[in-house]
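If you read the sequences in order, they're chains A and B. Using UniProt numbering, you'd call the opening residue of the first sequence number 1 and step up by one each time. Using UniProt numbering, you'd call the opening residue of the second sequence number 1 and step up by one each time.
Mixed in with the good hints there might be a few duds.
In silico contact screen, one side only, chain A against chain B (beta carbon under 7 Å); selected entries [to be verified]:
id	residue
1	Pro12
2	Asp20
3	Leu23
4	Leu26
5	Gly95
6	Leu96
7	Asn103
8	Ala104
Here are the simulated distance ranges between beta carbons [claimed, not checked]:
id	chain 1	residue 1	chain 2	residue 2	range
9	B	Asp75	A	Lys91	40 to 48 Å
10	A	Thr48	B	Ala40	21 to 29 Å
11	A	Arg78	B	Ala102	39 to 47 Å
Hints are computed from structural coordinates only; laboratory data are not their basis. We treat Cβ as the ideally placed atom computed from N, Cα and C, and that holds for glycine.
Protein chains: 2
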Amino acid sequence: MPLGRWSGIAHPELDEITVDDVLHALADPTRRAIIRLLQAEGDRPCGTFGLPVAASTLSHHFRALRKGGLIRQYDEGRQRMNTLRTAELEKRFPGLVDAVLANAG
Amino acid sequence: MPLGRWSGIAHPELDEITVDDVLHALADPTRRAIIRLLQAEGDRPCGTFGLPVAASTLSHHFRALRKGGLIRQYDEGRQRMNTLRTAELEKRFPGLVDAVLANAG
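This is chain A alone, in the form it adopts within the complex (with noise of 0.2 Å):
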């Protein structure tokens, strides 16, 4: 995937995310969830995560994911898309992901 396809999104630089962002990324059922399908499935449009929440909430647990680095989104086609960013994630804060992910049900 082209780096250009998300040009227009707004993405943090990995130095630039805290380990407060990424917290507060994770505080919630709902983007760990996203986190957890797209682990396990791979990149996925926006719509097709199945989850039983407004659209518009659904648009701020992404807005708070890409804010948090767990995620970059792009556009393919008519669909946005989302990709993990767990493993650059991983360089800056080592462990972190990994432990909030095995303590939360």
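Dock chain B against chain A, hints included.
Coordinates of chain B only, in the frame set by chain A:
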């Protein structure tokens, strides 16, 4: 310190604490500074942390730490003391608090 001393202060039972409560409690540098000082120097009264925040703000932070299961508070004479629950919390969420503190500035 006898249990009776914190009978008037609300503390969640270990099994009532959610990972979201813990993440919320840890997602703030002032609250992490409180935890670090307790780890380094043991129980101490609320007014002695030397943090550059207003008393009302500090009171909010102590409440968030109590709700997240990070500390217990008890009264000793006219002072409200703080003691860590991190050993207890480690049983419920292994590695979580350490992973956050290790990654936070």
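Verification of the supplied hints:
Because the closest C-beta pair between Pro12 of chain A and chain B is about 16 Å apart, greater than 7 Å, the hint is violated. The closest approach between the C-beta of Asp20 of chain A and any C-beta of chain B is roughly 5 Å, which is under the 7 Å cut-off, so the hint is satisfied. With 7 Å as the threshold, the beta carbon of Leu23 of chain A comes within range of chain B, its nearest partner Cβ sitting at about 4 Å, so the hint holds. Satisfaction of the interface hint for Leu26 of chain A is found here, the shortest Cβ-Cβ separation to chain B being roughly 6 Å, below the 7 Å cut-off.
This hint holds: Gly95 of chain A has a C-beta 5 Å from the nearest C-beta of chain B, less than the 7 Å allowed. A cut of 7 Å between beta carbons decides the hint on Leu96 of chain A: the least distance to chain B is about 5 Å, and the hint holds. Taking 7 Å as the C-beta cut-off, the interface hint given for Asn103 of chain A holds, the closest approach to chain B being about 4 Å. Contact between Ala104 of chain A and chain B, as hinted, is supported at the beta carbon level, the nearest pair being about 4 Å apart and thus within 7 Å.
Range check, Asp75 of chain B to Lys91 of chain A: about 45 Å between beta-carbon atoms, so the 40 to 48 Å window is met. In this structure the hint that Thr48 of chain A and Ala40 of chain B lie 21 to 29 Å apart at CB is violated, the actual value being about 48 Å. Restraint check, Arg78 of chain A to Ala102 of chain B: a C-beta distance of roughly 43 Å satisfies the suggested window 39 to 47 Å.
Taken one by one, the earlier hints fail for this structure at numbers 1 and 10, listed in ascending order.
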